[in-house]
Amino acid sequence: MVDFFIKVGRSGLEYSSALGRSGLFLFHSVFGLMLNLKGLRLLVHQLYKVGVLSLVIIVVSGLFIGMVLALQGYSILVDYGSEQAVGQMVALTLVRELGPVVAALLFAGRAGSALTAEIGLMKATEQLSSMEMMGVDPLKRVIAPRLWAGFITMPILAAIFSAVGVFGGLLVGVDWLGVYEGSFWANMQSSVDFKEDVLNGMIKSIVFGVVCSWIAVFQGYDSEPTSEGISIATTKTVVYSSLSVLGLDFLLTAVMFG
Amino acid sequence: MYQRSIEITVGVFMLLGFIALSFLALQVSGLSMDSQKDTYKIYAQFDDLGGLSVRGRVSLAGVTIGRVSAISLDKEVYSALVEMEIFQDVDSLSADSVASIQTAGLLGEKYVSLSVGGDEEVLVDGDTIFDTQSALNLEKIIGAFASGDISL
Amino acid sequence: MIIDRPMDRDKLLDSYIKITGLNFARGHRAIFNGANLNIPRGKVTAIMGPSGIGKTTLLRLIGGQIKPDSGEILLNGRDVTKFKRRELFDARKKIGMLFQSGALFTDLSVYENVAFPLRAHTKLPEDMIRDIVLMKLHAVGLRGARDLMPSELSGGMTRRVALARTIALDPELILYDEPFAGQDPIAMGVLVQLIRLLNDALGLTSVLVSHDITESLSICDHAIIIADGQVIGEGAPSELRKSESPLVKQFLNGLPDGPVPFHFPATNYRTDLLG
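Residue numbers (my numbering), protein chains in the order written: chain R, 1 to 258; chain S, 1 to 152; chain H, 1 to 275.
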């Protein structure tokens, strides 16, 4: 019984120390971005690796999710004779929820795990240590550009996801199922509000971007420098990011639309 | 050269993000560049709003000429006071205009429909429309019909 | 650094690194237990000991990457353990460390790897950086490999490139972590020669951590043997060979059993087997 309490207490302490370490780590890295040409180069390079390389999966998933939404929405709405509302349904679902959330989940799986593995391997092969010993702060040189690339990329990916999804909905709803295009757009425009829906969705994706990139780079930086440690860290990145995104999404939705 | 091509693709990527956001803003949410244009306020009192909400459309002959900016309860007469922002360029609404709450389609959203009268005077900022028609309340009509108060 | 008392100055002149009362534990295992050691300036010092004894940890302690539980680590008269983050990064510009794996940046070419510390710490124009990089690569005999990526190098070449990168900023102190581990005899011979040559030509202080006794003793001026968290033997290689200490003898002659037991502490073998 006492053993149980000792165990709980110890793991509690461990978790809070990990949280503290990651907080300090975030603080040092966020303000460690070098604001000069060299820093910009590093950032652009990471934007390429984190953002551009995630574009294909985002566009393809966005298109299909938009198409599926239109199909499902149509089959329900047609019963009420209001199939022209399919555009509004697709757009609202995407802009408010699915755009930020699914883009963040895909980001965690595609870019987050890659970031963790890369940083973990750099640590395991002593590249981070050797950088430190050369008097170069790895938080500034390695972590900060990756972190900021994640911050910047996430809202862009979410916006592209939603836009492509609406386009997918248009393809299925208008071109295939024959909803009148005029009412498709008109219904959408009258129900989607820029501030309430689009901007709030963007705010969500910014929050998700911060959380996902933070988890990804911290797990890599804090990983055990062995092959097993890196595999554990990569798994943790995907699991923690997904859970945080879903949990935070509920909170943010409750605050924004509740 | 390698760095350069990366820079270009990242530039294109950022541009795509910007295009997507503008698409969401302009085409999806129907935000128009001139939605911030000057407006003036007029008021109207209704007995029953029937579900009209803030941000609802104000239209004249089906054309949107403004939006509902605030709704409050007038405690003296126990009726709803609706504040509307009307676009500045629609400046010739006659003082005896009629405001009515209507529904887009059978179950659609509620909006305020204005119809102008013949008065020479026009509504200016701060004026109130007194001649109003409340929302058509479907439940009330069905109730009245069922109890035999009205018949077809 | 100004020293007022003449006594301190004498001490400083002979030792570049002075460690007193070092205590460090990882988890429940004590790695250093009140160790004291001096590393003379301008010499090649070999730190030897059985594996798992904390030799790499010692280098990390000197480089300030980890902090000891207690004790002083004076580097050129200044205590590393009391440095603030910024001071530490400044101090490290004068320290080069060669890691066991070489730790080359895998996404940069050989040339860019050697240029990395120069670009990070100097504002030299590109043509000067090029000259320095080529000079350093020439010193390790790999000027022709400048355009290769680290994945295309053999183990020995990796370490030589890493050495070129380590000396790029002309450090005062170079720490070598197991420089001979996993090297073929030719690569080993090249490294032994390079370490000696660089030390004498650049007037460096070199510290190498190793368990390759023959190679280490053949190039070092001063050797320190560590076991059980303590320094058990210290001195010039010839003195150490004459040492009467059973521990030193066991280590230098590579005897399987002795004061350092062959068996990890365990219960009686017979009772263990018979249950």
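It is worth saying that the hints were derived from the structure and are not from the lab. Built from N, CA and C at the ideal position, the CB exists for glycine as well. One or more of the hints may lead you astray.
Here are some chain R residues pointing at chain S (derived, C-beta under 7 Å) [unchecked claim]: (1) Met67; (2) Leu71; (3) Ile156; (4) Ala163.
Here are some chain H residues pointing at chain R (derived, C-beta under 7 Å) [stated by the list, open to error]: (5) Phe89; (6) Ala103; (7) Phe105; (8) Leu108; (9) Thr158.
For lysine-lysine, the following PhoX-like pairs were computed, each having C-alpha atoms within a straight-line distance of at most 25 Å [claimed, not checked]: (10) H:Lys242 to H:Lys43; (11) H:Lys242 to R:Lys38; (12) R:Lys195 to S:Lys41; (13) S:Lys75 to S:Lys41; (14) R:Lys195 to S:Lys110; (15) R:Lys49 to R:Lys236; (16) H:Lys123 to H:Lys242; (17) H:Lys123 to H:Lys93; (18) R:Lys236 to R:Lys7; (19) H:Lys242 to R:Lys140; (20) H:Lys43 to R:Lys140; (21) H:Lys82 to H:Lys67; (22) S:Lys110 to S:Lys140; (23) R:Lys38 to H:Lys93; (24) R:Lys49 to R:Lys38; (25) H:Lys67 to H:Lys84; (26) H:Lys18 to H:Lys84; (27) R:Lys140 to H:Lys18; (28) H:Lys93 to H:Lys43; (29) H:Lys67 to H:Lys93; (30) H:Lys82 to R:Lys140; (31) H:Lys123 to H:Lys82; (32) H:Lys43 to H:Lys84; (33) S:Lys75 to S:Lys110; (34) H:Lys84 to R:Lys140; (35) R:Lys236 to R:Lys140; (36) H:Lys67 to H:Lys18; (37) H:Lys94 to R:Lys38; (38) R:Lys38 to H:Lys123; (39) S:Lys110 to S:Lys41; (40) H:Lys18 to H:Lys123.
Taking the hints in turn, this is what the structure says about them:
1. A distance limit of 7 Å between C-beta atoms decides the matter here; for Met67 of chain R the minimum to chain S is near 16 Å, and the interface restraint is violated.
2. A least Cβ separation of about 19 Å between Leu71 of chain R and chain S goes past the 7 Å threshold, and the interface hint is therefore violated.
3. This hint holds: Ile156 of chain R has a C-beta 3 Å from the nearest C-beta of chain S, less than the 7 Å allowed.
4. Using the Cβ-Cβ criterion of 7 Å, the hint placing Ala163 of chain R at the interface with chain S is satisfied: the shortest such distance is roughly 4 Å.
5. Given the 7 Å rule on beta carbons, the hint for Phe89 of chain H holds: about 5 Å separates it from the nearest Cβ of chain R.
6. Here the hint on Ala103 of chain H is kept, as its CB sits about 4 Å from the closest CB of chain R, short of 7 Å.
7. Taking 7 Å as the C-beta cut-off, the interface hint given for Phe105 of chain H holds, the closest approach to chain R being about 6 Å.
8. Look at Leu108 of chain H: its Cβ only gets to about 10 Å from chain R, farther than 7 Å, so that hint breaks.
9. For Thr158 of chain H, the interface hint is violated, the least distance from its beta-carbon to any beta-carbon of chain R being 11 Å, above 7 Å.
10. Between the alpha carbons of Lys242 of chain H and Lys43 of chain H the distance comes to roughly 21 Å, so the proposed pair stays at or under 25 Å and holds.
11. Pair hint Lys242 of chain H plus Lys38 of chain R does not hold up; C-alpha atoms about 56 Å apart against a cutoff of 25 Å.
12. Pair hint Lys195 of chain R plus Lys41 of chain S holds up; C-alpha atoms about 22 Å apart against a cutoff of 25 Å.
13. With a C-alpha separation of about 20 Å, the suggested pairing of Lys75 of chain S with Lys41 of chain S holds against the 25 Å cut-off.
14. Our distance criterion of 25 Å between C-alpha atoms is met by Lys195 of chain R and Lys110 of chain S, whose separation comes to about 20 Å.
15. Only pairs whose Cα atoms come within 25 Å are accepted, and Lys49 of chain R paired with Lys236 of chain R is accepted, the gap being roughly 21 Å.
16. At roughly 52 Å between alpha-carbon atoms, Lys123 of chain H and Lys242 of chain H are farther apart than 25 Å, so this suggested pair is violated.
17. Restraint check for Lys123 of chain H and Lys93 of chain H: satisfied, since their Cα atoms lie roughly 15 Å apart, inside the 25 Å limit.
18. Simply put, Lys236 of chain R and Lys7 of chain R have alpha-carbon atoms about 21 Å apart, close enough for the 25 Å limit, and the pair holds.
19. Under the criterion of a C-alpha separation no larger than 25 Å, the hint pairing Lys242 of chain H with Lys140 of chain R is inconsistent with the structure, at around 51 Å.
20. Pair hint Lys43 of chain H plus Lys140 of chain R does not hold up; C-alpha atoms about 35 Å apart against a cutoff of 25 Å.
21. Between Lys82 of chain H and Lys67 of chain H the CA atoms are separated by roughly 9 Å; this keeps the pair inside 25 Å, and the hint holds.
22. Restraint check for Lys110 of chain S and Lys140 of chain S: the C-alpha separation of about 17 Å stays at or below 25 Å, so the hint holds.
23. At roughly 19 Å between alpha-carbon atoms, Lys38 of chain R and Lys93 of chain H fall within 25 Å of each other, so this suggested pair holds.
24. Distance check on the hinted pair: Lys49 of chain R and Lys38 of chain R sit about 17 Å apart at the alpha-carbon level, within 25 Å; holds.
25. A distance of roughly 12 Å separates the Cα atoms of Lys67 of chain H and Lys84 of chain H; the hinted pair therefore holds under the 25 Å criterion.
26. Distance restraint check for Lys18 of chain H and Lys84 of chain H: the Cα-Cα separation of roughly 19 Å lies within the 25 Å cut-off, and the hinted pair is therefore satisfied.
27. The straight-line distance between the Cα atoms of Lys140 of chain R and Lys18 of chain H is roughly 31 Å, outside the 25 Å bound, and the hint therefore fails.
28. Annotation: proposed proximity of Lys93 of chain H to Lys43 of chain H holds, straight-line Cα distance about 20 Å (limit 25 Å).
29. Between the alpha carbons of Lys67 of chain H and Lys93 of chain H the distance comes to roughly 19 Å, so the proposed pair stays at or under 25 Å and holds.
30. Distance hint between Lys82 of chain H and Lys140 of chain R is fulfilled; the C-alpha atoms sit about 22 Å from each other, no more than 25 Å.
31. Restraint check: the Cα-Cα separation between Lys123 of chain H and Lys82 of chain H comes to about 29 Å, which exceeds 25 Å; the hinted pair is violated.
32. Annotation: proposed proximity of Lys43 of chain H to Lys84 of chain H is violated, straight-line Cα distance about 28 Å (limit 25 Å).
33. The hinted pair formed by Lys75 of chain S and Lys110 of chain S meets the criterion: a straight-line CA distance of about 23 Å does not exceed 25 Å.
34. Annotation: proposed proximity of Lys84 of chain H to Lys140 of chain R holds, straight-line Cα distance about 17 Å (limit 25 Å).
35. Only pairs whose Cα atoms come within 25 Å are accepted, and Lys236 of chain R paired with Lys140 of chain R is accepted, the gap being roughly 24 Å.
36. This hinted pair checks out: Lys67 of chain H and Lys18 of chain H have alpha carbons roughly 16 Å apart, not beyond 25 Å.
37. At most 25 Å may separate the alpha-carbon atoms for a hinted pair to count; Lys94 of chain H and Lys38 of chain R meet this at roughly 23 Å.
38. With a C-alpha separation of about 12 Å, the suggested pairing of Lys38 of chain R with Lys123 of chain H holds against the 25 Å cut-off.
39. This hinted pair checks out: Lys110 of chain S and Lys41 of chain S have alpha carbons roughly 20 Å apart, not beyond 25 Å.
40. This hinted pair does not check out: Lys18 of chain H and Lys123 of chain H have alpha carbons roughly 33 Å apart, beyond 25 Å.
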